[in-house]
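> One letter stands for each residue in the lines below.
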Amino acid sequence: MISKQSISTLKFQQSGSIRLEVEGLKFLDNGPYSFDIKKKECVGVSGKSGIGKTQLLRAITDLIPHSGQLLFDGARCSTFAAPVWRSKVTMIPAESFWWYETVEDHFPLKQKKQSIVEQCESVGFADDVLGWQVGRLSTGEKQRLALIRGLSNTPSVLLLDEPCSALDEYHTKLIESLVLQYIQDKRSSVLWVSHDPDQLQRVADREFSLLKNDLVEKRK
Amino acid sequence: MEVISLGFWDLGMAAVLVFVLALLSLALSLGLEWKILLFGCRMTVQLLIIGVVLRYLFADGSLLMVVLMSTVMLLAAGREVLARQNIRIKGFTGYAIGTGAMFVSSFSVSLIALIVIIRVDPWYTPQYAVPLLGMLLGNTMTGIALALDHLTDRLRREQGVVEQRLLLGQTWKQASMEIRRSCMRTGMIPIINSMAAAGLVSLPGMMTGQILGGTPPIEAVKYQILIIFLIAAGTGFGVICAIWLSGHYLFDKRHRLCLEKLG
Chain A
1 MISKQSISTL
11 KFQQSGSIRL
21 EVEGLKFLDN
31 GPYSFDIKKK
41 ECVGVSGKSG
51 IGKTQLLRAI
61 TDLIPHSGQL
71 LFDGARCSTF
81 AAPVWRSKVT
91 MIPAESFWWY
101 ETVEDHFPLK
111 QKKQSIVEQC
121 ESVGFADDVL
131 GWQVGRLSTG
141 EKQRLALIRG
151 LSNTPSVLLL
161 DEPCSALDEY
171 HTKLIESLVL
181 QYIQDKRSSV
191 LWVSHDPDQL
201 QRVADREFSL
211 LKNDLVEKRK
Chain B
1 MEVISLGFWD
11 LGMAAVLVFV
21 LALLSLALSL
31 GLEWKILLFG
41 CRMTVQLLII
51 GVVLRYLFAD
61 GSLLMVVLMS
71 TVMLLAAGRE
81 VLARQNIRIK
91 GFTGYAIGTG
101 AMFVSSFSVS
111 LIALIVIIRV
121 DPWYTPQYAV
131 PLLGMLLGNT
141 MTGIALALDH
151 LTDRLRREQG
161 VVEQRLLLGQ
171 TWKQASMEIR
181 RSCMRTGMIP
191 IINSMAAAGL
201 VSLPGMMTGQ
211 ILGGTPPIEA
221 VKYQILIIFL
231 IAAGTGFGVI
241 CAIWLSGHYL
251 FDKRHRLCLE
261 KLG
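For the protein sequence lines, the chains are A and B, in the order given. Residue numbers for the first sequence follow the working numbering, so the first one is 1 and each next one is one higher. Residue numbers for the second sequence follow the working numbering, so the first one is 1 and each next one is one higher.
Hints listed in this document are in silico derivations from the structure and should not be mistaken for laboratory results. No experiment lies behind these values; they were computed from the predicted model shown. Watch out, some of these pointers could steer you wrong.
Here are the computed distance ranges between Cβ atoms for each label pair [to be verified]: (1) B:Ile189 to A:Glu95: 30 to 36 angstroms; (2) A:Ser209 to B:Asp252: 28 to 34 angstroms; (3) A:Gly50 to B:Val18: 49 to 55 angstroms; (4) B:Ile87 to A:Glu169: 40 to 46 angstroms; (5) A:Glu104 to B:Ala15: 55 to 61 angstroms; (6) A:Lys173 to B:Ile87: 40 to 46 angstroms; (7) A:Ser67 to B:Val67: 43 to 49 angstroms.
In the DSSO-like style, the derived pairs of lysine-lysine whose C-alpha atoms are separated by at most 30 angstroms in a straight line are [claimed, not checked]: (8) B:Lys253 to A:Lys212; (9) B:Lys261 to A:Lys212; (10) A:Lys113 to B:Lys173; (11) A:Lys218 to A:Lys186; (12) A:Lys142 to A:Lys186; (13) A:Lys26 to B:Lys173; (14) A:Lys142 to B:Lys173; (15) A:Lys38 to B:Lys253; (16) A:Lys113 to A:Lys186; (17) B:Lys173 to A:Lys112.
Where is the CB? At the ideal position from N, CA and C, for every residue including glycine.
Working from the sequences, and respecting the hints, build out all of it.
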């Protein structure tokens, strides 16, 4: 379960070493982009609709062709098999997809069921959620469960693409708390894409504005 | 029993039925009338030509002519596989995958049948080799075309699911496993169904032809059983091969789904 610590308390317990380094990243017509994310850091990214925020995340997960360097703890992306890279650097898309009948079928078998249930409860689900049929889930429920599914791989870097776009204020706060708690517990790093400046203000240690060919750091 | 020779008038009466079907298609706005007429004419011309070619081939009987004939049949089948797909793999690769899968399956099964099972001497005797390969190619072509059409369609429609699974750290084989299995089933179902119906619902064409030609029914049945086994194996191998090749081509080394390779 998530502790009752406030978001602001959770936010400022970061350490310094670099977890993910992006150097001269180019994809499609975008870039070059260079930035890094430190361990236990949450970096926010905003930008106009269609500017390429989602594609930036897809390029970082190596899902689309790109040039430039991606380094995880100093090791190049190409030195990892792609599935290993994506297990370490996991993207949660804004729209989630489901392919089996029940929620439980979508979680890795090795994962302890109890911890998944606890995470589900922390974002507002009943304890029988794993047995639910996917067909009965609302868009918002799918969005919350997709985050839990992504966290079940315990990625070191989490790339969130508007993770609260289908959620009300109450559930948005639950998701923010869960992610910030995860950062602290697992010493992971997060790149959080959002259109909501207030949300980025709440969760991000640093904020960037994405342009077609540049990533501009905002002054806090 | 003597075979009753068919005249052009007899064939013309059968053609009238196809013409009526084309009219029905027009009346029901099915949009198939020109295809029915065009492919009906095309089939007639193709079979008349093959009749002449086979007469020459059977008289000649050389390995070179059999290989040449087989190559022409294979290349034509490859083109048909491509033509039957709504969403195709772009460029020569799309043609090569279908043709390569048919080559591997139909040719290997034909060779095994000629050399090991029928043991005809010489093994390339055109009266055996060409019809056998023709039946195998025809059925394999249908299976492979169905499977590939299903694969490209589903990968495009279910891109989100496949990429979601890739994002969760699955390999391309894991992410597309259900889709590829479903495509293999789609390609093999017609031949499995025809095995179930053979003798009960339908009398297969080759057997019927042999019986009409005066072969004792039991002998015709044995040949038909052999042919259906060969077709089933050839179609199955061809479908598995085509899906395997397509999967490797449509995902790159970094386990990305490359839909830009589809036309």
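> Each hint: holds or not?
Right, here's what the structure says about each hint:
1. B:Ile189 to A:Glu95: 30 to 36 angstroms: Holds - the Cβ-Cβ distance for B:Ile189 and A:Glu95, about 33 angstroms, lies within 30 to 36 angstroms.
2. A:Ser209 to B:Asp252: 28 to 34 angstroms: 32 angstroms, holds
3. A:Gly50 to B:Val18: 49 to 55 angstroms: 53 angstroms, holds
4. B:Ile87 to A:Glu169: 40 to 46 angstroms: At 43 angstroms between Cβs, range holds.
5. A:Glu104 to B:Ala15: 55 to 61 angstroms: 60 angstroms, holds
6. A:Lys173 to B:Ile87: 40 to 46 angstroms: Since the Cβ atoms of A:Lys173 and B:Ile87 sit about 44 angstroms apart, the hinted range of 40 to 46 angstroms holds.
7. A:Ser67 to B:Val67: 43 to 49 angstroms: For A:Ser67 and B:Val67 the Cβ distance comes to about 48 angstroms; the hint holds.
8. B:Lys253 to A:Lys212: 28 angstroms, holds
9. B:Lys261 to A:Lys212: It holds: about 26 angstroms lies between the C-alpha atoms, which stays within 30 angstroms.
10. A:Lys113 to B:Lys173: Measuring from Cα to Cα gives roughly 26 angstroms; hence the hint holds.
11. A:Lys218 to A:Lys186: Within the cut-off at roughly 27 angstroms; holds.
12. A:Lys142 to A:Lys186: The hint holds at about 24 angstroms.
13. A:Lys26 to B:Lys173: 28 angstroms, holds
14. A:Lys142 to B:Lys173: Within the cut-off at roughly 25 angstroms; holds.
15. A:Lys38 to B:Lys253: 29 angstroms, holds
16. A:Lys113 to A:Lys186: Holds - the C-alpha atoms of A:Lys186 and A:Lys113 are around 18 angstroms apart, at most 30 angstroms.
17. B:Lys173 to A:Lys112: Holds - the C-alpha atoms of A:Lys112 and B:Lys173 are around 25 angstroms apart, at most 30 angstroms.
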